[in-house]
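Engineer: In order, the protein sequence lines correspond to chains A and B.
Numbering-wise (this note's numbering), the first sequence opens with residue 48 and increments by one.
Numbering-wise (this note's numbering), the second sequence opens with residue 17 and increments by one.
Honestly, the hints are just simulated from the structure, not real lab data.
Treat the hints loosely; a few may be bogus.
[As the list claims (entries may be wrong)] If the Cβ cut is set under 8 Å, some of the chain A residues that face chain B in the computed set are:
1. 271
2. 272
3. 274
4. 280
5. 282
6. 288
[Stated by the list, open to error] Pairs of lysine-lysine, DSSO-like flavour, derived with a Cα cap of 30 Å:
7. B:447 x A:263
8. B:45 x B:230
9. B:290 x A:263
10. B:290 x B:268
11. B:308 x B:326
12. B:290 x A:257
13. B:308 x A:257
These numbers come from a predicted model, not from an experiment.
Every residue gets a Cβ at the ideal spot worked out from N, C-alpha and C, and that includes glycine.
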Amino acid sequence: MVAGGLVPGLGARVGPLRLADIDEPDLPGPGWHRIRPRLAGICGSDLTTIDGKSSRYFEPIVSFPFVPGHEIVADSDLGRVVVEPVLNCIPRGIDPSCSFCAAGLTGSCQNLALGQLEPGLQIGSCADTGGGWSTAMVAHESQLHAVPDDMSDEAAVMVEPAACAVHAARRPEADQPSTVVVLGAGTVGLCTIAAIRRHLRPGTLLASAKHPEQRKLALQLGADVVVEPDGIRRAVRRLSRSPMVGTGVGEGAEVVFDCVGSETSIDDALNIVRPREQVVLVGMAGRTSVDMTVLWHKEIRLVGAYTYGVETTGDRTFDMAFDLVRDADLSRLVSATYTLDRYREAIDHAANAGARGAVKVVFDLRGERYR
Amino acid sequence: MSRPGFVLEVDRSTPPILFHQGEGFRLEKLPAGSRVVYPAEPVAPLADPDGAIRQALLHPVGDSQPLPSLLHAGMRLTIAMDNQAVPLPPMARPDNRQRVVEIVLDMAAAAGVDDVELIIAHGLHRRQTEAELRHMLGDRIYDAFAPHGMLTQHDAEDHDNLILVGRTDQGEHVEINKRAVTSDLLIYVNVNLVAMDGGHKSTMTGLTSYRGLKHHHNVTGMQHSRSFMDPPNSELHNSVWRQGRLLASAVKIFQIETTINTDTFPSQFSFLQKREWEWSPRDRASYLAVSKSLERVPPRMARSIFHGMKSPQKMTSVQAGEVEAVHQLTLENVHRQHLVPVHGQADVLTMGLPYVGPYNVNSILNPLLVMCLGLGYFFNLYRGKPLVREGGVVIMSHPTRWEFHPVHHPSYIDFFEQVLAETTDPLEIEKKFEEDFATDPWYIHLYRNSYAYHGVHAFYMWYWGAHALQHVGQVIIVGGEPRAVRRMGFKPASTLRDALEMAEDVVGRDPSITHMHNPPIFISDVT
Chain A
48 MVAGGLVPGL
58 GARVGPLRLA
68 DIDEPDLPGP
78 GWHRIRPRLA
88 GICGSDLTTI
98 DGKSSRYFEP
108 IVSFPFVPGH
118 EIVADSDLGR
128 VVVEPVLNCI
138 PRGIDPSCSF
148 CAAGLTGSCQ
158 NLALGQLEPG
168 LQIGSCADTG
178 GGWSTAMVAH
188 ESQLHAVPDD
198 MSDEAAVMVE
208 PAACAVHAAR
218 RPEADQPSTV
228 VVLGAGTVGL
238 CTIAAIRRHL
248 RPGTLLASAK
258 HPEQRKLALQ
268 LGADVVVEPD
278 GIRRAVRRLS
288 RSPMVGTGVG
298 EGAEVVFDCV
308 GSETSIDDAL
318 NIVRPREQVV
328 LVGMAGRTSV
338 DMTVLWHKEI
348 RLVGAYTYGV
358 ETTGDRTFDM
368 AFDLVRDADL
378 SRLVSATYTL
388 DRYREAIDHA
398 ANAGARGAVK
408 VVFDLRGERY
418 R
Chain B
17 MSRPGFVLEV
27 DRSTPPILFH
37 QGEGFRLEKL
47 PAGSRVVYPA
57 EPVAPLADPD
67 GAIRQALLHP
77 VGDSQPLPSL
87 LHAGMRLTIA
97 MDNQAVPLPP
107 MARPDNRQRV
117 VEIVLDMAAA
127 AGVDDVELII
137 AHGLHRRQTE
147 AELRHMLGDR
157 IYDAFAPHGM
167 LTQHDAEDHD
177 NLILVGRTDQ
187 GEHVEINKRA
197 VTSDLLIYVN
207 VNLVAMDGGH
217 KSTMTGLTSY
227 RGLKHHHNVT
237 GMQHSRSFMD
247 PPNSELHNSV
257 WRQGRLLASA
267 VKIFQIETTI
277 NTDTFPSQFS
287 FLQKREWEWS
297 PRDRASYLAV
307 SKSLERVPPR
317 MARSIFHGMK
327 SPQKMTSVQA
337 GEVEAVHQLT
347 LENVHRQHLV
357 PVHGQADVLT
367 MGLPYVGPYN
377 VNSILNPLLV
387 MCLGLGYFFN
397 LYRGKPLVRE
407 GGVVIMSHPT
417 RWEFHPVHHP
427 SYIDFFEQVL
437 AETTDPLEIE
447 KKFEEDFATD
457 PWYIHLYRNS
467 YAYHGVHAFY
477 MWYWGAHALQ
487 HVGQVIIVGG
497 EPRAVRRMGF
507 KPASTLRDAL
517 EMAEDVVGRD
527 PSITHMHNPP
537 IFISDVT
């Protein structure tokens with residue numbers, strides 16, 4: 048039994064996570080900067096790792112020990128910056144870059160275990176860089192985005208999750224679809240709702256939310272209708288005015304964004320999407336058991352949405368994310384801050400954020416002794 | 017001679033009062049000075065109901081000839097009748113409808129009529145199952161008609177078999193079952209449970225369509241029906257009467273209405289219709305045995321036990337002939353059984369809701385139906401003015417589980433999950449959602465081919481309580497599932513004592529309290 052198998056966030060108490068004084072990481076080479084985190088978010092993927100529920104897929108692209116934290120606003124010699132954490136060919140010093148990095152699709156880089164760095168998908172999973180849950184770490188200049196003076200730290204720390212959402216919203220091959228569904232209204236779900244409203248411009252945006260505060264925020268950020276997760280099939284059926292076929296919706300939504308990534312949510316997504324249309328898997332799924340007959344029969348396209356780079360418009364995702372954070376006022380999603388010494392409380396809060404009326408829980412490093 | 021209903025003023029010696037609580041009961045000690053309105057004891061039934069039916073058919077009232085003289089060979093005869101929404105609980109065999117229809121069919125056969133069709137006038141209600149039809153009409157009628165397609169259930173979405181008779185001077189559509197309106201004679205057979213039923217409402221709700229119903233089944237109509245249990249003061253009935261008169265000009269209607277007494281519960285539950293201080297040792301033992309047993313069984317089993325119950329209600333009158341003349345007599349007979357004089361309104365009205373209402377026979381009294389039963393039916397069981405003052409509090413007791421019958425009430429689930437999550441304001445609901453639900457092809461499919469209430473029916477449940485929602489300051493449900501109660505905009509309470517304390521925040525300290533000891537049913541004649 049893994050640490051967090053029964054109680055989410057329990058891994059912070061009995062798992063491998065601990066608070067320690069360690070040496071600051073060395074600068075791996077030219078172009079690298081030492082930065083000092085101001086705020087660092089706790090992401091769902093961090094919680095999965097802490098609770099020992101991460102997919103073994105990550106084993107070759109993680110190096111230990113590492114400092115978690117990849118949603119970061121920090122001070123640097125260049126000023127206040129937000130970190131784009133993917134450790135692709137450029138920070139790894141791989142030249143020539145892989146075809147994906149060369150095309151700006153840095154999130155698809157497959158050289159994650161090569162080059163001048165230890166293996167690591169992102170900052171926050173690499174032994175060489177340190178991570179956001181600390182007072183000092185390193186990042187390559189290609190990863191640093193200057194934060195405008197008028198943007199608060201609370202807004203800036205939301206840029207990375209917002210970038211994931213922007214990328215997700217740009218994934219489907221659809222333009223102004225009539226009905227879009229977002230499953231889940233945690234940080235990823237709420238940011239995705241905001242991104243869809245701006246980038247996909249659907250006729251109707253339906254969302255599922257488990258908790259009252261999530262429901263309120265989903266409506267504020269652009270959902271037209273919000274229902275509880277177990278009512279999503281009925282809601283999509285009614286909205287599409289289609290028949291039910293068994294427990295599935297006959298016609299359904301043109302695009303479904305699964306921002307949960309659970310067995311239930313994937314099953315829901317496949318059963319509410321219109322035949323021949325698309326499900327975008329935004330939430331990190333891991334190993335699940337889902338009846339894929341429906342995908343086969345309805346000829347559904349199931350696509351993943353991981354991170355960022357350059358979108359089809361030619362714009363860099365992070366630039367678009369800055370705009371989204373500002374336009375949609377995503378700083379409102381930062382619900383609580385904790386100092387590092389209260390990390391157990393912070394992780395417990397983050398693991399139960401929805402039920403406790405919270406969304407994004409972050410570490411506040413601005414007052415830490417060693418900064 | 018049965019004893020009339022009366023109002024008890026609670027004092028220290030008054031025993032705890034019985035409250036219905038879904039598939040169970042609770043005994044509550046009401047504060048001294050509270051009033052309890054008790055129904056009349058069941059009036060004496062007709063000694064020879066079949067004989068009385070024959071007499072009524074031979075001696076009709078109003079401008080109508082005796083039934084045999086309206087029957088002749090070669091004619092097209094349709095007999096429509098109320099569906100199983102009445103009476104409650106379903107009555108033990110033979111049902112009044114079986115008695116009446118058998119005699120009518122005998123007369124039709126004697127006259128050589130061979131084109132006869134029976135129609136269950138269920139409006140937008142769900143279709144009945146074969147077992148339910150057999151119970152209502154008896155095996156002989158069912159076997160003679162159903163296999164040949166001559167016992168049908170009205171289909172309000174079968175537009176090929178609906179006819180627009182016309183529009184009233186107020187613009188109300190009169191759209192009616194084609195078979196009924198193209199017959200040489202339409203006989204309507206009614207069982208009158210409450211004063212709301214019967215008269216032109218029989219045909220104008222049972223044999224019509226959404227287009228016909230929307231003229232009176234709407235929020236404004238309900239808010240101006242004070243109450244809909246008192247037809248002369250009911251906007252619902254004004255509209256229905258206009259439609260009915262237009263229909264009566266298009267087809268010859270012979271109305272047969274029957275009333276029943278309030279002998280509601282079978283012997284093992286007889287304590288439910290006794291006054292608590294008159295409970296015998298056997299009644300007390302029955303109460304304990306039944307209550308304890310019900311506490312130990314799962315809700316599903318308790319529901320099954322209750323829905324297996326058949327009522328010993330008996331026919332108290334039958335009248336036939338022209339619709340309005342018949343219905344006038346019916347109302348007099350209903351009032352003879354139901355009216356209880358009550359002086360003055362209360363700050364707080366309490367009521368215990370039973371397991372069944374008109375829309376969940378053999379089904380679940382879901383939260384919407386709880387609202388409808390309490391704020392629709394019970395609240396409106398008055399003549400004159402409501403039992404609770406304007407701005408007062410209604411306290412209902414019922415488990416109010418977030419539970420729906422998926423086959424019978426599919427649109428209710430969506431209404432509860434999706435509509436009430438957004439607003440509980442009846443006018444806003446009507447404006448924003450009604451049309452969408454009413455025309456949803458899936459709900460229509462389920463209504464026509466499965467056993468589902470029509471998509472718009474959930475809305476009518478909410479509208480049924482619109483007058484009460486407008487009138488009262490707060491609604492509290494004792495013992496209700498908090499999540500379900502709050503979804504409807506009401507407040508949950510664990511005990512009656514808690515509920516009364518909560519009510520004081522609205523109506524002030526030491527409120528006057530009136531409890532409706534219902535069922536058996538009564539109508540408060542409030543002066």
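Engineer: Now tell me, hint by hint, if it's right for this structure.
Structural biologist: Structure-based check of each hint:
no.	hint	result
1	271	violated, 10 Å
2	272	holds, 7 Å
3	274	holds, 6 Å
4	280	violated, 11 Å
5	282	holds, 6 Å
6	288	holds, 6 Å
7	B:447 x A:263	holds, 23 Å
8	B:45 x B:230	violated, 43 Å
9	B:290 x A:263	violated, 50 Å
10	B:290 x B:268	violated, 44 Å
11	B:308 x B:326	holds, 21 Å
12	B:290 x A:257	violated, 47 Å
13	B:308 x A:257	violated, 37 Å
Checked against the numbered hints above, the structure violates hints 1, 4, 8, 9, 10, 12, 13; every other hint is satisfied.
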